[in-house]
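Peer 1: In our numbering, the protein residues as written are 46 to 470.
Check the hints yourself; a few may be wrong.
Using 30 Å as the maximum straight-line C-alpha spacing, the simulated DSBU-like pairs for lysine-lysine come out as follows [to be verified]: (1) K294 with K417; (2) K76 with K285; (3) K174 with K108; (4) K310 with K330; (5) K51 with K294; (6) K426 with K310; (7) K174 with K294; (8) K431 with K382; (9) K250 with K382; (10) K83 with K330; (11) K70 with K260; (12) K260 with K294; (13) K417 with K431; (14) K250 with K70; (15) K83 with K51; (16) K174 with K76; (17) K51 with K431; (18) K285 with K250; (19) K382 with K417; (20) K250 with K310; (21) K70 with K83; (22) K330 with K76; (23) K285 with K108.
Distance windows between CB atoms, simulated [as the list claims (entries may be wrong)]: (24) P341 with R451: 32 to 40 Å; (25) K76 with P239: 49 to 57 Å; (26) D379 with A421: 37 to 45 Å; (27) A290 with R419: 57 to 65 Å; (28) V422 with G383: 57 to 65 Å; (29) S246 with D178: 45 to 53 Å; (30) K70 with G396: 16 to 24 Å.
Keep in mind the hints are simulated off the structure, nothing from the lab. Model, not experiment: these values are computed from the prediction. Here a beta-carbon is modelled for each residue, glycine too, at the ideal position from N, C-alpha and C.
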Amino acid sequence: MVFEFKFPDVGEGIHEGRIVEWLVKAGDSLKVDQPFVKVETDKAVVDLPSPRAGTVLELRFGKGDVIHVGDVIAVFGTEGEAKAHAPALPEAVSSAAAADAFAPSAPPPSAPRPGRVLATPHTRALARKLGVDLASVPATGRNGRVTDEDLRRFAEAPPPAPSAFRVRVDGAKHAPPTGPAAPLGEADSDPYGPVERAPVSHLRKVIAQAMALSKRTAAHVTHVDEADVTDLLALYGRLKPLAEADGVKLGLTAFFVKALASVLKAHPLLNASYDEAREEIVYKKYVHMGVAVDTPEGLIVPVVRDADRKDLLTVAREVADLAARARERRLSLDELKGASFTLTNIGPVGGLIATPIIHQPELAIAAFFAVKDRPAVHEGKVAVRKMMNVALSFDHRIIDGAEGARAASALVQRLEHPEYMLLRG
């Protein structure tokens, strides 16, 4: 029996993905649970397994294509069903006579077509190179398929006359650009000099949407404080070789996780979320710490679960492992779900202060910055101390300024006196 594999709902608000790589081709045999495609979501690159054994009859999307939950991305069946189900050959290998029979003398202008556009992977790649939206191209291939020739004909056609408008800047009039945009990745220019266009990755699109949504949703307030981390760094220096002897790379982020976990137990509102639909505050009885990781593709936030219940060595081991696999895009979706609070350690990059954006639906986020030698009063005397700024952004709809300030002060206390965490957890 023919089976259509639909892109599944993987939860966490993920509605779309991008085909990174097909691990099979039409005609290949599949076993149950055999990975057959790599898909990039906003969380990770994941391998999707086949739910049944059989033969690959059709792959409906090409590499780089965006897919949505519920889209049929592949068709499986038995070997005997392959010929009956085989899709029509791409127009590129059809006979010239067949192409002439289907091709109109002049393509009429058309509005973008809703739904999925039929085209071969080669045609889709060509469309990206030419900077053409396939949904706007009149199709002449079988079953409404857009062919390479359709695409070239559309790209070479004169562009429609631009609307007659002018933009006045400092008294000068400028006409809008009338020529087609240069293909992505190729040289282009604007009125001021050369530029280059580059495609926005799927992950970057999702990050952009998430950041904009959070800024629109939460009433962001950022409380800034500074901590004398001289004693913390001394403790770190003593513990680092001991951790290395156990095969663990100890970093300051592990201390920050433990300090915040202690603060969240004392200030549970910062570990909550706001359910707007039900107008309820959801207090989390767990502390799952999201740790922001800078990767070449963009920001990824894996989760250290039950951070309040784990010792420093265990947290350090998990942070190092999650960060390494995040940069390689080898995290599972489960490792990216369920954070109750997020931290970002900007110190290794540098900088004194910034205003971190809350990761929805959480209510707060903490940022740690570079350690600097600065004069400070210590035990009644001015001395050069190791000072670090910390920032706590919180949603003022739910968290009042006084509570945010108390939580920030509690964090500073734990950073300045790391032994306090041994007493209070």
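Peer 1: Taking each numbered hint in turn, which are not upheld by the structure, reported in ascending numerical order?
Peer 2: 2, 5, 6, 7, 8, 10, 11, 12, 16, 17, 18, 19, 20, 22, 23, 27, 28, 29, 30
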